[in-house]
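Participant: So the chains spell out like this:
2 protein chains.
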Amino acid sequence: MGKPTFPDATLECIDQTLESAYSCFIEYSKKKANQRADFLRRIADNLEKHCNSIIETAEQETSLGLVRLEGECSRTIDQIRLFATLAEKEKWKEISTEAAEPNRTPIPKPEMYKANHPIGPVVVIGACNFPLAISVVGTDTTSALAVGCPVVVKSHPRHAQTCELLADLVNQAKRESNMPDGCFHLVHGESHGVSTALVSHPRTACVAFTGSLQGGKALYKVANARPSPIPFHAEMGSLNPVFGLPFALKEKGDKLISAYIDAVNLFAGQMCTKPGALIILEESFDEIFEQSLLDSVLKNESLPMLNSDVLQNYEKTSLDLAQSLEIIAQSEIQSNNTKGKIRIFKTMAKDFLTRPELKAEAFGPASIVIIAREFTEMLAVAKSMEGSLTASMLVSENDKPEASVLFPLLESKVGRILWNGFPPGVMPGIATHHGGPWPATTDSRYTSIGIQGYKRFIRPICKQGFSDLSGVS
Amino acid sequence: MGKPTFPDATLECIDQTLESAYSCFIEYSKKKANQRADFLRRIADNLEKHCNSIIETAEQETSLGLVRLEGECSRTIDQIRLFATLAEKEKWKEISTEAAEPNRTPIPKPEMYKANHPIGPVVVIGACNFPLAISVVGTDTTSALAVGCPVVVKSHPRHAQTCELLADLVNQAKRESNMPDGCFHLVHGESHGVSTALVSHPRTACVAFTGSLQGGKALYKVANARPSPIPFHAEMGSLNPVFGLPFALKEKGDKLISAYIDAVNLFAGQMCTKPGALIILEESFDEIFEQSLLDSVLKNESLPMLNSDVLQNYEKTSLDLAQSLEIIAQSEIQSNNTKGKIRIFKTMAKDFLTRPELKAEAFGPASIVIIAREFTEMLAVAKSMEGSLTASMLVSENDKPEASVLFPLLESKVGRILWNGFPPGVMPGIATHHGGPWPATTDSRYTSIGIQGYKRFIRPICKQGFSDLSGVS
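Residue numbers (the numbering used here), protein chains in the order written: chain A, 50 to 522; chain F, 50 to 522.
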């Protein structure tokens, strides 16, 4: 029996899907808090019940492996239940009121009531690297559903069968909890045309995208070129620089370098917060550093890339880098392998500063060690950086004077700063933020991971003078 | 002595201005809460002290008249003081924390701390119709200054001298409170090139614009076409439809029609929330209605337009409408006048539905009465509406069944719904919202009026593992 295939949605189908989402928007948005919470809990329950078959399919479609997929699945279930609670408690409405003042002069003041409302149908275009957590039932979808937005998900062509199974679970929950059919749809699409049609459709009110800088930029343009532009949220490329200050490296270099390489190679570097650059001073770049780096790379097992496309792309971008940069450490693996070879490059800061192409993310286990002759040059590198999701600082007590100069500069460029730590390694909580200035995301004021993700999908509406209103709103 | 003139800022001057703003961003953003509050209070105090000369100048540059300008000035002073309190209390930071869990398995959890931070240098391009409240020291500027963003204001060419005087007051406050020079600048610009250069400058982090749909759209494109796009907030055109249901018009038509015409003619219709359309059923459109409308128009004094440009533009747009629509009531004023003639047009709903150009805002005291043959046609008009800042419903007890169908539809299209009331007539408070779906604004999730205006200018940053950090952040 052949693998099931999912033909691209036609323009007609996309139009019907968005019209269906739009036509149920008011009905779905007016569902009671506990009804939407029930819907979300059923999705979580269904996922829990069918997790084995979902994981099995995801394992066939990606190379992420059982352990990682199990972890991702349980994280996804937890996340859906968090959004069920959000839907139930309705704190997201942030209601504020002003009492009427009928005797105010020169004119009476009517009662004012403001609350957040769902923005309308949301299109979700998920990532290749998280087939469960940033996919059909990820934060984008479930946060939008929680606040009353119908959702249309575009399946990822590299794990379309997983998407299909996940959509079945949502559709089942939809029926069980008596939600309107239009509140959730999945469409398939290998071609860019499907995404373009979804983003440009007049009924789409907001888009959440996770993927490459190239893809994000192209769709951002589509969203802005609409007759009625809409918010387009993309989480795209991020260099995630790590600044290693000299005393820290002197005192605990071995440990830090090992942790750096672990972070570079986590899930074969296929993480949006993989550290793409380590910036150090020339004085730190000695034989011990080099040996430490090499040891760490060699002790790190090479891991499989998500699929052959991703591997091919990684080989291309990292070998392009190798044309002009020295490789100072790399994995010893066989050729013709599906695994991503760790590749650590070296460049002098003065060269890095004149070559903007080095600031682009290489999706995979590659990273560049950037060597600054002195601290002012390290600062110049920091100043030249584009926006990132994260930046890290490796600091000892004696580094603090320099750290205090570097810190506010990095703060102005990223969404998360790590002190003596490496991304990611942290579960999303109330105090995390997964967003950053362009090109990390299209809007640094929002997060695509964690409970605050729903803020993309709400807008305030004020009702004035509704005190005499019963049975209408 | 001739009127002072203000030549357009050169590209070099704009570059220096933005570099100056950017270079002080970190210093200004790290000022203590009470220091920024003091800065803002000094601006308010200076404005209070010099309000006579400011109002006198604004009176010469616009036709708004003393009473309106006095009211606007005191509202502006109050607003600045509100933002001083915001700066002082720092609630806008919305700090959230997660404690470290050093013994967590498989890996320890670091401390997480999240707070809102200023987004960076903000460019403010103010409106023609509020030379004080939506201008140099309006909500855009003072809310951005309150949260630590340096601000560059482009003066409005029709009241450039007023802008210059207001900027002097801010600069004086800047010196008195020892703020960095770069935290506030005014540049002049008659040509679109100045705005384009400000919006496209790489150091600009966010833009707040109030003006025409045409101008807003053009600059929105500029902001999105930057190598690093930025949030561009524009408050543009809005039709602000009023839906008059039949029992309401039957029971209190006279009073409602009179209030409608008052709202159309408030400040000669030069308000972003002027009702541009009144939608009624054919059964309501009888002789009594027509007479009532005519009486209201005739008893309303025609008011001066802001300046000759605005008058000319109003004459053009409203006379274009008169080419194809019947005028059912208009003011009886002399020709060659600077005053805006109230013009009330009439169209059948079925014609309105096929003519998208009728949905555009006419800036001035013009409005269209749209006549629907039945309620379903009224609904079709509501469905066809673009986004607006406001919509109003005129409703009696017996209209409630229809109102309850109309209400959620209008809710999905606007930022504020008024029940038996007309915009504006309400002071901005915590429960108001001045924003709406495109083309009313570029992002319906934000407001440009009221205390929440600062939300455009902040973004969350998470600090991870900073518990051992002293003297750095």
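In short, the hints are calculated from the structure, not lab data.
Misleading hints may appear alongside valid ones.
Each pair may be met inside one copy or between any two copies, as identical chains are not told apart.
Once the Cα atoms are required to be at most 30 Å apart in a straight line, the calculated DSBU-like pairs of lysine-lysine come out as [claimed, not checked]:
#1 432 <-> 80
#2 81 <-> 504
#3 142 <-> 395
#4 504 <-> 140
#5 504 <-> 388
#6 301 <-> 158
#7 81 <-> 388
#8 395 <-> 504
#9 504 <-> 79
#10 388 <-> 138
#11 432 <-> 81
#12 142 <-> 399
#13 80 <-> 142
#14 504 <-> 142
#15 270 <-> 504
#16 388 <-> 142
#17 81 <-> 301
#18 80 <-> 504
Participant: Taking the hints in turn, state whether each one holds.
Facilitator: Hints and how they fare:
Taking CA atoms no more than 30 Å apart as the test, residue 432 paired with residue 80 passes between copies only; the shortest distance there is 21 Å, against 49 Å inside one copy. Both within a single protomer and between protomers do residue 81 and residue 504 lie at most 30 Å apart by alpha-carbon distance, with minima of 19 Å and 29 Å respectively. Within a single copy, residue 142 and residue 395 get their C-alpha atoms no closer than 50 Å, and across copies no closer than 39 Å, so neither meets the 30 Å cut-off. Taking the shortest Cα distances, residue 504 and residue 140 sit within 30 Å of each other both inside one copy (12 Å) and across copies (18 Å).
Neither within a single protomer nor between protomers do residue 504 and residue 388 lie at most 30 Å apart by alpha-carbon distance, with minima of 38 Å and 45 Å respectively. Proximity of residue 301 to residue 158 under the C-alpha cut-off of 30 Å is restricted to the inter-copy arrangement: shortest distance 20 Å between copies versus 66 Å within a copy. Within a single copy, residue 81 and residue 388 get their C-alpha atoms no closer than 49 Å, and across copies no closer than 52 Å, so neither meets the 30 Å cut-off. Proximity of residue 395 and residue 504 under a CA criterion of 30 Å is satisfied in neither setting, with 40 Å inside one chain copy and 41 Å between copies.
In this homomeric assembly, residue 504 and residue 79 come within 30 Å of each other (Cα to Cα) both inside a single copy, at 18 Å, and across copies, at 27 Å. Proximity of residue 388 to residue 138 under the C-alpha cut-off of 30 Å is found in neither arrangement, the shortest distances being 45 Å within a copy and 53 Å between copies. Taking CA atoms no more than 30 Å apart as the test, residue 432 paired with residue 81 passes between copies only; the shortest distance there is 24 Å, against 49 Å inside one copy. Taking the shortest Cα distances, residue 142 and residue 399 never come within 30 Å of each other, neither inside one copy (50 Å) nor across copies (37 Å).
For a Cα distance limit of 30 Å, the shortest separation of residue 80 from residue 142 inside one copy, 14 Å, qualifies, whereas the shortest one across copies, 33 Å, does not. Proximity of residue 504 and residue 142 under a CA criterion of 30 Å is satisfied in both settings, with 10 Å inside one chain copy and 16 Å between copies. When the C-alpha separation of residue 270 and residue 504 is checked against a cutoff of 30 Å, the pair qualifies both within a copy, at 22 Å, and between copies, at 25 Å. In the homo-oligomer, the alpha carbons of residue 388 and residue 142 never lie at most 30 Å apart, since the shortest distance is 47 Å inside one protomer and 44 Å across protomers.
Taking the shortest alpha-carbon separations for residue 81 and residue 301, neither the intra-copy value of 55 Å nor the inter-copy value of 36 Å comes in at or below 30 Å. Taking the shortest Cα distances, residue 80 and residue 504 sit within 30 Å of each other both inside one copy (19 Å) and across copies (29 Å).
Violated hints for the displayed structure, listed by number in ascending order: 3, 5, 7, 8, 10, 12, 16 and 17.
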